[in-house]
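**Q** Let the hints inform the model, and build the full structure from the sequences given.
Chain residues, written in single-letter form:
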Amino acid sequence: EPEVTQTPSHQVTQMGQEVILRCVPISNHLYFYWYRQILGQKVEFLVSFYNNEISEKSEIFDDQFSVERPDGSNFTLKIRSTKLEDSAMYFCASRGTATTNEKLFFGSGTQLSVL
Amino acid sequence: DQQVKQNSPSLSVQEGRISILNCDYTNSMFDYFLWYKKYPAEGPTFLISISSIKDKNEDGRFTVFLNKSAKHLSLHIVPSQPGDSAVYFCAASARGFGNEKLTFGTGTRLTIIP
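Same order as they appear, the protein sequences are chains A and B. By our numbering, the letter at position 104 of the first sequence is numbered 104, and the numbering carries on one by one without gaps. So the mapping is simple: our numbering equals the position in the second sequence, first residue as 1, plus 1000.
A couple of the hints might just be wrong.
What the hints assert, rightly or not - Straight line, CA to CA, 27 Å or less: simulated DSSO-like cross-link-like pairs of lysine-lysine:
no.	chain 1	residue 1	chain 2	residue 2
1	A	Lys42	B	Lys1005
2	B	Lys1071	A	Lys83
3	B	Lys1071	A	Lys78
4	A	Lys57	B	Lys1071
Said to hold, decoys possible - Computed footprint of chain A on chain B, listed as stretches where at least three residues anywhere in the stretch have a Cβ under 8 Å from a Cβ of chain A:
no.	stretch
5	1057-1063
6	1103-1110
As the list claims (entries may be wrong) - Here are a few chain B residues that sit away from chain A, every Cβ distance over 12 Å (derived from the structure):
no.	residue
7	Ser1012
8	Gln1014
9	Pro1079
Calculated from the structure, these hints are not laboratory results. Backbone N, C-alpha and C fix where the C-beta goes; we use that ideal spot for every residue, glycine too.
**A** Quick look at the structure:
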């Protein structure tokens, strides 16, 4: 089965540093997402991206966050100045259509640790 | 903001028996519900879904039941197998309003005892 690939699997950074989390969605998919899960809590929606722009974002996705699809294959999440509370597992997801199938394919995640 | 709740953080079931995982929601705009399964160090994997126009959907050993009046859904796994041991997340969306995001519950850790 096709899969969503995320790199790195673990990222450790100092508070205040910028991090970029990378994702390669499934090749023919059009809708891209970032979710995160803080340890022991639920998986939370961050942002959705379609047609090279953000279609929806949550309150968590403030000015410190940005997403980009720099080429035809990668989808990145940038945190400009990391905070301790940004420590979480970040999941990228993609799907092919918006209307016929809500099934999301998730990557295996990047564990971000902010020290 | 707990629009989707899974009140049982864990559940242990004997192999071969039925596992029943429960989920409640509060947002009446939700019209599509999904179950995801997650193993450690992996992303959530889609298991089964149900639209609000149905009250039951079955796929092999997995059946999801939806009770709209009670705002409750459940996932039945029968017979339970050791490979079913994982964390199960209930999720919901309000597709009809162009809302693409999924709202997840906190998960239930299912352990199948051999």
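**Q** Decide, hint by hint, whether the structure agrees.
**A** Hint-by-hint comparison with the structure:
1. A:Lys42 <-> B:Lys1005: holds (10 Å)
2. B:Lys1071 <-> A:Lys83: violated (37 Å)
3. B:Lys1071 <-> A:Lys78: violated (37 Å)
4. A:Lys57 <-> B:Lys1071: Judged against 27 Å, a Cα distance of about 26 Å means the pair holds.
5. 1057-1063: It is violated, with 0 qualifying residues against the three required.
6. 1103-1110: Satisfied; 5 residues make the cut.
7. Ser1012: holds (19 Å)
8. Gln1014: holds (27 Å)
9. Pro1079: holds (25 Å)
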